[in-house]
Each structure stands twice: as structure tokens, then as C-alpha cells.
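2 protein chains.
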Amino acid sequence: VVHTDIIIGTTLLFFSRQNKREKKKERNSTAMKVLEKASSINRSYFLSERKQKERDDLEGGMKENIKASSAKEYYITVLRLGHRLVRDERMSTHLGLVARAFGADELILTGKEDDIAHSINKVVERWGGHFKVSFSQSWKKAIEEWKSSHNGLVIHLTMYGEELDNALALINEHFDKCSGSNRSLLVIVGAEKVPPEVYVISDFNVSVGHQPHSEIAALAVFLDRLYRGKELYSTFDEAKIRILPMTRKDFGGKNLRIKKRVEVVVSDESGI
Amino acid sequence: VVHTDIIIGTTLLFFSRQNKREKKKERNSTAMKVLEKASSINRSYFLSERKQKERDDLEGGMKENIKASSAKEYYITVLRLGHRLVRDERMSTHLGLVARAFGADELILTGKEDDIAHSINKVVERWGGHFKVSFSQSWKKAIEEWKSSHNGLVIHLTMYGEELDNALALINEHFDKCSGSNRSLLVIVGAEKVPPEVYVISDFNVSVGHQPHSEIAALAVFLDRLYRGKELYSTFDEAKIRILPMTRKDFGGKNLRIKKRVEVVVSDESGI
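Chains as they are written, first to last, in the numbering used here: chain W, 215 to 486; chain A, 215 to 486.
Be aware that a few hints might be false.
One copy or two, it doesn't matter: identical chains are merged, so the pair holds either way.
Said to hold, decoys possible - Keeping only pairs whose Cα atoms sit at most 30 Å apart, straight-line, the calculated DSSO-like set for lysine-lysine is:
1) K407 to K346
2) K355 to K444
3) K391 to K444
4) K355 to K391
5) K444 to K407
6) K407 to K454
Hints were generated in silico from the structure; no laboratory data involved.
Construct the complete structure from the given sequences, taking the supplied hints into account.
Written as C-alpha cells, this is what we have:
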């Protein structure tokens, strides 16, 4: 029963993608129902009752936490310094997508305009939310403008800064005293060379480890720690597409062959 | 006093870098002492006694935790799929550096050899540790070889997988039962197109959020969560360079102008 249901579900989804637009909605809704059913059978099939209960409790607890924190905690602007070269394009695009996925609200790029805004906006259009991308000719002006319209903290991510845990303790302490409208952060992410003034203009220079790695990783881990992991459960308004998480081949269970991974297109987004 | 000490410290360091090799050690050691003194004055200058104590306790607690977990918890291999194009080079280099900085032990790249190994090895030479980079002509062969020599878990990072928190609970449950030598993971990181077999061959398909972002961010956050943040305190053997974390302009304090960020070159690495 499990196998058949899932194969039907994925087959329906597969065909619905082939026939592009036509009757997409009805088919998807049928496919979703079949898959949801299959997925719940699948799980009880693999997990003992005790394990299943533990897991449901875990998920239930997480969902409650998410509900409790559904109010937007921070307004976060990411300022990307020194994006200038063509070879930076992909890095900056990934940085923007990470900012969006990990709970930031906008990205400001310094340097000349190019395809990055277009790539990111295409993602926003399909996957929802209100993430904004803009360009500024001068990083100094961008910071000044931000400071004049926000009463928050400027955080500069740099491997030369103070330890993440220490900084976060102080950042949290600061925001604990703030009202909702003042909970904004400007997160500055450098490229290879960062002007020395940035170190002084920032309220915190924060290092995500003291080893050389990647500004993309630094931003992701900083935001993940700031939001305490809750950002991964965010929903995005007006999404045309969302993912139905797939639990498959749970450890200790049998192989379950599903040929296609699942994408579900929905017309109204009511949360993942 | 604070300003003068720090200016002396940074000036000494600045000159020691200008005069390249000569008498580097003595000067650095003097500069370090001045800076350490200045830095401790600086902190008590900005923080109240109570705050300072809280902070010292926090740091002390963290250091104890690190000590307690100094034994290497996992042996982690990262397999990067589908690296083929020149435009992937920087992404793959960043991915390798993230793997190293966040506690992985080796990186296997599929596709043709290029400058990536050289870039990463240069970092290892300066910053220490034993991180290895290798190439494999076939991802399938790489996985088979790993499976024949390790008795661990294969984790595939994909936005289509199950939620990170759920997966980590099960992964931890598995490793809780394992002896030290069996605590190994193969973390598979895809590029744009991932062969369907990878979804079936893996013990877990894990998604770090269900939004499109970056494989670099996914790897960083997965490892950060797996190690519970402890990886950021790792020390690297035989490092020629290390960073002295800088606490500066603590929130609520006055501006403190330091022109140069600080790099300290040490001949023997005794931990950050």
C-alpha cells in the first residue's frame, strides 16, 4: 500500500509538471492528498510506536514554538561590500538567497548594477516573501541612510572580530530591552578588502570562527544563531511553489524507492 | 592609557609586518603583551563589574565545555558533486574552506582537477590542521569506496529532504550508540543537478530549510548544528598564523579608534 500510494503520488506530480499549466491545480491537490496519506503510512511503517510518538512530540513542540514566535522578531538589512567583479556575481547571488532564506528582509549591494537583482527577484517571485534588493554607489552613504532611518545595531561580520557566542549574548541583551520597532540590524558582509572605517562604524565586529572560510557561511550561521534556528520554519507570502519535506529511507528501515523528488505548486500559500 | 597602549600595540604589529621576517618573533611577542594588556583594560573600561564578571563566566564556561569535548567527535568527509565549470571554482573553494573551518576532515571533488586543491592547501599550510582534498572521476565510486572503508552515515544535503531538526535527532540517536571509530559521516553536497540515485543511496536526505539558497550555507549550518557550535573553537595543529579576537567599541561604550585589525603570527600554535 505504501509503495503504490507514493508511486501514484509522484506519477501524478510528474505528469502535472509535464503538462505545464493545464489543470495543474486539481491534479496537484489530488497528488498532495495521496502523498500526505502515503507519507503518514510510510512513517508508521518504519518507526516503532514509541519512536513515532517521540517524533510526533518533537514536531508538535517545534510547531508550537514556531507559532509562539510567528511575529517577525527582527528587521534585517544585509549590506554586501565590494561586489565589483563578474566573478563575484554568483557569490553575491548566493549571499542574497541566504539572506532571504535565513530571515533577512533586504540586501544592499555596493558597486554597479548587474544581473544579481534579477536572479534574486525571480526567486522571490516563485518562492514568495517580500525580500528586496537594491544598489548603493557608496557603502558609507548606505550605512548613514540606514542609521538615520533605523535605531538598531550595526554588525560587521569579520574573522578578526570577537567570538560569535560573546557577541550574541550582548546583542540579545540589547534587544531584550527594545520594543518591536527598534529590533533592526544592519549586517555588513565584506569581500576581500574591507575599509578600516567599517570596523569603527560598527557596533559589533563579529567573527564566526577565526578561520578563513566564506562570507556566505558566516551570514548563514550568524542568522541561524540569532534566530535560534526558527528561521528555517518561516513561511513566505504569495509563494507559487513550496516543498513538501520528504522523510525517506529512515535509518534502520527498508529501502523505499521513489524515483522523483517532489515539488508541489500551490496557488495559495498557507504555510509549510 | 587605553588609547595609547592600543596604538602602540597596533603600530608595533604594523611595523613588524612591514619589515617582513626580521625580528618578527620578538616584536610580535611585545606587541601581543601590550595588546593583551590594552584589551583587558579596554574591556573593564566599558563594562560594569557585574557585566564583566558575567562575561568572564560565560567565556570560562565555554572554555571548559571545549576542553571537555576536545576529543574529535566525528570523522567527516564532504563529497562535492557536479563541480565541472570554471564558474564553480570559487564556490567549490569556499565550500572546501567551510568544510575545514566547520570541522570536516576531507573534501572529495568530482570532475577534473584544477586550482581548487592548490587554493585550499595553501590555506591549510598557513592556518594549520590536516584537511585533505582529493578528486574522484566518479561520484558513485567515491561513495562505494567510502562505504567500504567507513561504517558511518551518508547524509545528502538537499532542499527536498526532511527537516534538519528531525534528521539531527535521528542522527544523534544513531551516533549515541556508536564507538569512537564508527562516528564517521559522508556529507554529499550537490550542485545544480543531482542524480536521482543519490537520494536513494543516502541514509538521510536533509534539508536546511526548504527555500533555495546555497550549498555553502547548507554545509556550514549542518556542521554547526551537528557539532552544537563547538567547531568554532577548534584549534588547528601546526598553524603559522592565528587570530587574536578583538573586542572593540562594546555597545554603550565610547568610540575607540584602532586603525589596523590585528593578525598575529606565531611560530608555535598552542590554541586560540
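Structure-based check of all given hints:
1. For the identical chains of this complex, K407 and K346 are neighbours both inside a copy (25 Å) and across copies (27 Å), given an alpha-carbon limit of 30 Å.
2. Taking the shortest alpha-carbon separations for K355 and K444, neither the intra-copy value of 32 Å nor the inter-copy value of 37 Å comes in at or below 30 Å.
3. Taking the closest pair of Cα atoms, K391 and K444 come within 30 Å of each other both inside a single copy (21 Å) and across two copies (29 Å).
4. Taking identical chains as interchangeable, the C-alpha atoms of K355 and K391 lie at most 30 Å apart only when both belong to the same chain, with a minimum of 28 Å there against 55 Å between chains.
5. In this assembly of identical chains, the alpha carbons of K444 and K407 lie at most 30 Å apart only when taken from different copies (28 Å versus 32 Å within one copy).
6. Proximity of K407 to K454 under the C-alpha cut-off of 30 Å is restricted to the inter-copy arrangement: shortest distance 22 Å between copies versus 39 Å within a copy.
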